[in-house]
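Based on the provided sequences and hints, a complete structural model is requested.
Here is what each chain is made of, one letter per residue.
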Amino acid sequence: MWRCAILFTCVSLFFSCEEYPVLKDETTNLKKPGHFPSIEFPEGNEPTKLRIELGRMLFYDNRLSADNSTNCSSCHVLSSAFTDGKKISAGLSSRSGKRNAPTLTNLAWMPYFMMEGGVPTLELQALAPLHDSLEMGFNMMLAIDKLRKDEKLVALARAAYQRDTIDPYVVTRALAAFQRSFISGDSRYDRFTFQDMKNQLNEQEILGMNLFFSDRTNCSTCHSGVFFSDFGFHNIGLYEFYTDNGRERVTYKLEDIGKFKTPTLRNVELTAPYMHDGSIATLEEVVEFYNSGGHPHANRDSLMQPLALNETEKKDIVAFLKSLTDWNFVQNKALLPLEE
Amino acid sequence: MHSRIASFAILSSLFIFSSCRNADDTTPEDVIAETKVQITFDTQWEGGDFNLQEVYFDNFGNRIRVDSFKSYISMLSIVKEDGSEVLLHDFYLMDFLNPNTYTFTIEPGDYDGIRFGIGVPQDYNKDEDPAQYPNDHPLSVAGSQGMFWHWNTGYIFVKFEGKADTTGTEGAELLHSFSFHIGDDPYFRSFEQLDTPIHVEAGLTTAISVNIHVDQILATGGADDIDLATDAITHTSGNTVLAATFVNNFDASITVE
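Protein chains in written order, with our numbering: chain A, 1 to 340; chain B, 1001 to 1257.
Worth flagging that the hints you see were computed from the coordinates, not collected in a lab. Careful, some of the hints might be misleading.
To be verified - BS3-like cross-link-like pairs, simulated, lysine-lysine; straight-line CA separation at most 25 angstroms: (1) B:Lys1126 with A:Lys253; (2) A:Lys152 with A:Lys24; (3) A:Lys253 with B:Lys1159; (4) A:Lys98 with B:Lys1126; (5) A:Lys86 with A:Lys315.
To be verified - What the simulated footprint calls covered on chain B by chain A, stretch by stretch (three residues with Cβ under 8 angstroms from a Cβ of chain A suffice, anywhere in the stretch; the number is not a length): (6) 1115-1129; (7) 1132-1141; (8) 1151-1157.
Bear in mind that the values here come from a model prediction, so they are computed numbers and not experimental data. For glycine and all other residues, C-beta sits at the position ideal for the given N, C-alpha and C.
Set out below in structure tokens:
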């Protein structure tokens, strides 16, 4: 009898020791370029080491899709500045989505999300692809059922957010915390402009930069500021008739048909194909499109006019756009999956 | 030993005595605690019962079967005769698969009607994060049960889906889908029915019936009729006129008894 009791106690102790250890979190600062504004973090989701680590694990976790086939990085690949090189991204079971995967950079400063601007926070944005039947095609609560079986994730949730376990609050916050660390501002253009490193751009790139920022092209009216976006919504005359109405889907206003949020041009060299539907394959073709002034449309932005750029000028602009690539960003191992 | 027996006898007497007092002497607090209203949200079709999954003829001769009918009902309040209101509950997500009955303790007296929102009020809608609510809350990720748009955040106020036969052919299969997903701030509606005397007797439960006349959502007898043969789908975005018509008709179809 006594032997049984001792054996039972030993077995109990053994299993107790197997529980995942309690983790300790610490605040961390996101490294940002000096020429970027400060970041305003949402209350309760200031960056910490474990919040970012947990978000990093979830970003690459197939359990967030219905059939364990898809994760965020299926459409957002670091080496392509978190795009996927496809015209239209494929989701769960190779279902075709409806839009080109947007680049994920400098999200900490973005005032709203999705191309029509219908999602107000990065935390809420995490729910969109997870529930979209053409993307991850799942349900947050079912995903959480799977994640709760993972002791490490549960331990991280407890330490990072002081919750009992993994829940929608933890998943949305952690994914946002990780994605806010996608900061890209170390291109040759940045070094040339903000660090006075005049050898970083060659003559052709400088000519292209001057054209880009000139009143002749007006590129920088919308692709403005350090993020190369005014975060506004514009119809650029991509079509005479739109099958995807863009901003109108949110505002219901006819004058918003065909308007989409101005995308950043950072790392644009790596984010082909272009436009909301991936309909333009190369940067050269994009510049050619803008040079044409676009198709007629009642909502077309008044700045969309034929530019009369010659062949050399078009090449100069493309060369400048390629100077916006931040190679350190797309090779940052801290943004890749954790090595087990 | 004797003193212990004596103490036990005194304590027992006191217990019995106090028990008798409680049974006979009901306090005003007890009466108020037993004064309740029971509000039932029920669906009807042409004055009779309405059930999901059953087939009905609408005003246009379409045979229709509603497979899913859900709605957020918010800030359910009872209105006093002086016009002030008593909030009974903040949010319900009602599935009209079954009657939805709720019971509340209120002060006895005379009331003038009830008031509630169809949908989720603006302050709780587009910028709210469902992940902040506990799972059993109707606005939470789990509790919203698919009644939340993720690509253009906000709650789906009313969902009304099913199949119809719009050909008028007897015995034909119901192949024509209809789907109304109404949401977004401009489509929130405030329902109230006043001048409906509700006498709440002290110590009793008063029943109130909120009837949603489903037939009248589709047929108002006027220009706002919805013929499912031609107006079968709106997810608000895409056909805002139909969305407004639907939610206006829904609001107008409700009666309180």
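Violated hints, by number in ascending order, as checked against the structure: none
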